[in-house]
Amino acid sequence: MISAPVLASFACDPAQSRGRRFFEVAAPTRSDFQRDRDRIVHSTAFRRLVYKTQVFLNHEGDLFRTRLTHSLEVAQLGRSIARTLRLNEDLVEAIALAHDLGHTPFGHAGQDALNECLKSHNPNSAGFEHNLQSLRVVDSLEERYPAYNGLNLTFETREGILKHCSRRNARHIEAREPGGVAQRFVDRPGAANPWL
245 MISAPVLASF ACDPAQSRGR RFFEVAAPTR SDFQRDRDRI VHSTAFRRLV YKTQVFLNHE
305 GDLFRTRLTH SLEVAQLGRS IARTLRLNED LVEAIALAHD LGHTPFGHAG QDALNECLKS
365 HNPNSAGFEH NLQSLRVVDS LEERYPAYNG LNLTFETREG ILKHCSRRNA RHIEAREPGG
425 VAQRFVDRPG AANPWL
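If you count the sequence shown from 1, position 171 lands on 415 in my numbering, and the numbers rise without skipping.
In case anyone wonders, no lab produced these hints; they're calculated from the structure. Keep in mind that the hints are not guaranteed to be accurate.
What the hints assert, rightly or not - In silico EDC-like links for lysine to aspartate or glutamate, alpha-carbon gap of 20 Å or less:
#1 K296 with E317
#2 K296 with E373
#3 K296 with D356
#4 K363 with E373
None of the values given here were measured: they were computed from a predicted structure.
Based on the provided sequences and hints, a complete structural model is requested.
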């Protein structure tokens, strides 16, 4: 039997999570990050990734890569790396599975086209960022609960979705109080989050 790895001192301990936007009673058999992963896998947006192409490969014939296969591969690689570094595997997997939920179809060409469209409509627009759209999907567009929209993911998972682009361009989710409602998004270049 393989025992659960001891987390590194800089890893994100699920017992120290900043919580969710809307309070929930803790599950007796799963950590909050395991619940996040399960909510993502069972979401409509995740299932739709099967219809979003990522890359067309001419030499592959009629086979092409979808965002779903890409996200599953990223999750598997992420878990392996997290295990090696003694990070929280469940948190890494949840972030990896959700990282492309807001991506456009047709890979980066789709994102570029949407960017042009938004900027031509409003020259002051920052354009389209799929990681911001991914957060919008999990926070607002998914309809899972009668009292509020969204999947009610933990702050750590939501922050990871925003930060998957690069550390330099990463955003930070700020809560006024632990477990409170996120108040704003701010750019935080150089903000250290050791669990990433």
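Holds or violated: K296 and E317, Cα atoms, limit 20 Å.
holds (15 Å)
Straight-line Cα separation of K296 and D356 no greater than 20 Å?
Within the cut-off at roughly 15 Å; holds.
Hinted pair K296 and E373, Cα distance within 20 Å
holds (16 Å)
K363 and E373 were given as a pair; does the straight-line alpha-carbon distance stay at or below 20 Å?
holds (12 Å)
The structure is consistent with each of the numbered hints, conforming to all of them.
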